[in-house]
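Visitor: Just need the whole structure built from these sequences, with the hints factored in.
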Amino acid sequence: MLKGINRKTILYIITISAILLVLPVIFMTLNLPFAANALFLALLYSVMALGWNLLGGYGGQVSFGHAVYFGVGAYTTMCLLLLYEITPWIGIFIGGVLGAITGLGLGVPFFRLRSHWFSLATLASVTIFLLAFQVLMPGGSAGLQVPIVPPEKQLYYVRFPGPYVYIYITLAILAIEIIVLNRLVKGKIGYYLQAIRDDEDAAMAMGINPFKYKMIAMALSAFFVGVAGGIYAIRFRFVDPYCVFELILISIYPVIATLLGGMYNFWGPVVGSFTFLPLVEYVRSNIVSRFPRYFGLHYLVAGIILLIISIWLPNGIMGWLEEKGYIKRTTPFHVETQGKKDKKAKLRRVKK
Amino acid sequence: MAAVGLDAILRALISGVLIGSIYSLVSMGLALIWGVMDIINFAQGDFMILGGFTAYLLLTGLGIDPLFGLPITFGVIFALGVLTQIGIIERILHAPPLSQIFATFSLLLIIRYGMEVSLGPFTRRVVTDYSGIILRFGEFAVPLTQLVAFIISIAIAFLLYIFLTKTYTGIALRATAQDRMAAQLHGIDIKKMYRIAFGLGVGISAIGGVLFALSYPIHPERGAYFCLLMFIIVVLGGFGSVFGAYVGGLIIGILQVLSALFILPSLKDIVAFAVFIIILLVKPTGLFGKS
Amino acid sequence: MSPPILSVENVTKKFGGLVALDNVSFKVSEGEIVGLIGPNGAGKTTLFNVITGFYKPENGKIVYQGRNITGLHPYKVTRLGIARTFQIVKPLSNLTVLENVLVGAFTGYEEHKEAVEKAYEALEFVGLADKFDMKAGMLNVVEKKRLELARALALNPKVMLLDEAAAGLNPAEINEMTKLIKKLNEEGKTLIVVEHVMKFIMGLVERLVVLHYGEKIADGPKEEVAKDPKVIEAYLGTEEIAR
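Residue numbers (my numbering), protein chains in the order written: chain A, 1 to 352; chain B, 1001 to 1291; chain C, 2001 to 2243.
Because the hints were derived from the structure by calculation, they are not lab data.
None of these values were measured; they are calculated from a predicted model.
No farther apart than 16 angstroms at their CA atoms in a straight line, the calculated lysine to aspartate or glutamate pairs in the EDC-like style are these:
{"no.": "1", "chain 1": "A", "residue 1": "K188", "chain 2": "C", "residue 2": "E2117"}
{"no.": "2", "chain 1": "A", "residue 1": "K188", "chain 2": "C", "residue 2": "E2114"}
{"no.": "3", "chain 1": "C", "residue 1": "K2158", "chain 2": "C", "residue 2": "E2030"}
{"no.": "4", "chain 1": "A", "residue 1": "K188", "chain 2": "C", "residue 2": "E2110"}
{"no.": "5", "chain 1": "C", "residue 1": "K2090", "chain 2": "A", "residue 2": "E200"}
{"no.": "6", "chain 1": "C", "residue 1": "K2076", "chain 2": "A", "residue 2": "D201"}
{"no.": "7", "chain 1": "C", "residue 1": "K2135", "chain 2": "A", "residue 2": "D199"}
{"no.": "8", "chain 1": "C", "residue 1": "K2090", "chain 2": "A", "residue 2": "D201"}
Here are some chain B residues the structure puts well away from chain A; computed CB gaps all over 10 angstroms:
{"no.": "9", "residue": "G1005"}
{"no.": "10", "residue": "L1010"}
{"no.": "11", "residue": "L1057"}
{"no.": "12", "residue": "L1070"}
{"no.": "13", "residue": "A1079"}
{"no.": "14", "residue": "L1135"}
{"no.": "15", "residue": "A1157"}
{"no.": "16", "residue": "F1163"}
{"no.": "17", "residue": "T1165"}
{"no.": "18", "residue": "D1179"}
All C-beta atoms in this analysis are idealised placements derived from N, C-alpha and C, irrespective of residue type, glycine included.
Guide: This is how it looks when you write it as structure tokens:
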């Protein structure tokens, strides 16, 4: 299922999955709502960050505009439910598809721009969508809310108390995302994207069509972020333009999480999300909400973390671990050397 | 769409030029930094608001009038800018452009929310003896503070022009902006130029922030709005062209107020952003710029 | 004589007021190995950029295998069979040496398994096989040049444009490079080699095309071109040519 994985990694994955499956139950039993909520956020942002990193870390196109796809996904899910009574079990995926389409639509003009111009344009797109949705969408600035429904409809409306069920939903989505993206980046498309990132001209000289692959990355990236938006909608049951087209919370947080974990590593976004989100969420829910006078403290902390990473830890946690030799970079094509005398290496493929 | 008379249009033009002159001033700062150092300072809007709050604190804490305190505000933000340059930007000047983007973005967060955490998430007004005075020229009413802001904005732009064309440092700055290597070969200390450029750039934007605060309420998060607006103006005027940015600011100011006459006021901001995207795609060098 | 595999016809390229290429024409037959020389700024790399689609000429056309490829996107030109190296090497720094070449091999060879094997062969050809695992950014300049060559080779091209493959190499390394390139030619690849190091190019090619200020001033067997007074004047009478 996953490429480039050896026995040790499989053990890690199984252990961590087991822990993640059990944690919500533990949190519920011990009545630790903050922990449960933090877990939910860590998982949700992992979905967003992994998606973002396909385009950002692998493709080299740093987008500050992913809030757009999140918002599109959230609104799609909400509107489908409220206007056409379509269950979010399907709705969130339609939201993802619409998010992907939006991404492709924005990609056509934006991918003509390189480097910081691209980032700037994506930054502007968030405000454009914010303003547009205020005026054009049902609910306008006031937003949309999922009403209270009788118990027999709650499964259909995906309306459950607390974060616990949503944790499992997000976990499932994350698992799917990991499998899909892992196969992608360890194959031809993954290498093409990295080539575009490292040197777009050289990539072109090697027969790679940059636009095509940027669009592929964008579509997948925007899809998963859109699905995340849909999950947000059903968890919090309220969307308004200011919540979902939010630059810092929705667009920038996943970026900081990815940078913290390591942009050039597949697991970086997940590691980063699990480190960053509980931290800032702790600041927000324990300090800021108790002392509203200090609103913004969580963003200040986020900014300081971003600064520290930019200067001292540009490759993130995973990058640091790689540098120190604790983890090795693997390719799916494992080359083995036969003995010291025979300098010729033989090719052997690992788990095709 | 209501019928719009000539009167209303004239009023809008005047209004647009007045607010535009503030946009112009703050954008000149961004253009200066961008032109000389080739980095995008995402935190420029927040340095501007920081200037506004500095003036506010000088007024409420020490009783210093914002206009008289202008040199002080400028000095404080200039010094802060130079320190930022030395402590942060210099470390990432040779890093990949990605790191630069992230570093200035972190500045945005730290300044914006540093202000909010220290001063509180409250909207403040700078209220002076002359805050409420409205001048009348025939049919047109102009708040004194806005007129003063306009005059000071032009004055600063003029001073900057003199500085950049007649003083050694100014010419050295322009040389650095045009061709770094050639400038170095002529014995110009690039590091020093960068520090001056950054300090000057954020200092000028801070002055704009003070002028803004004289007529409009300020809030620590207001920088977000100006951040994007400034980029639009600098791109419109031509990346690196300081005076192109000035013209761009006036244009955007006029466009904003005029469009509020014809379309939903809440959509007036979209006009500016749409202009931005169009320019990025059609003529990224802007009106006056040379890539 | 068989039709040329690559034909540059009346190509003019301007940058604002500067004329980088002025009505340049020449033909290359399949299997030929041609040297493209000229003083700095003569337009050699510009010509490569026009051929490979990085620049669109104001005038003229590039014909490859009978087909007009002027202004085609570089990735399409590569896929048609023209590979190039860059004067200032452009390694994919964050990928390993093998991965660098793999990217090219995926273009050159349809079948996945074959691409991997050919990538490895390309590395062996240039002598970087034992460094397959290293991050390309960590190689020294000479090794990066060899990587450029391996990458171009893995594209399975018919025509290779080599831009200053010998720059920065010491005489021993130049000899190695000469042998490698000759071998490529022996395997049937058409080569256009841009070079400043005279010794290298004289030992490599039979035919020379000379550019000066964007104009073609000579085109013929190397002995003749070396004695051409226009060529000598262009190089300000450096002894190198006569050797």
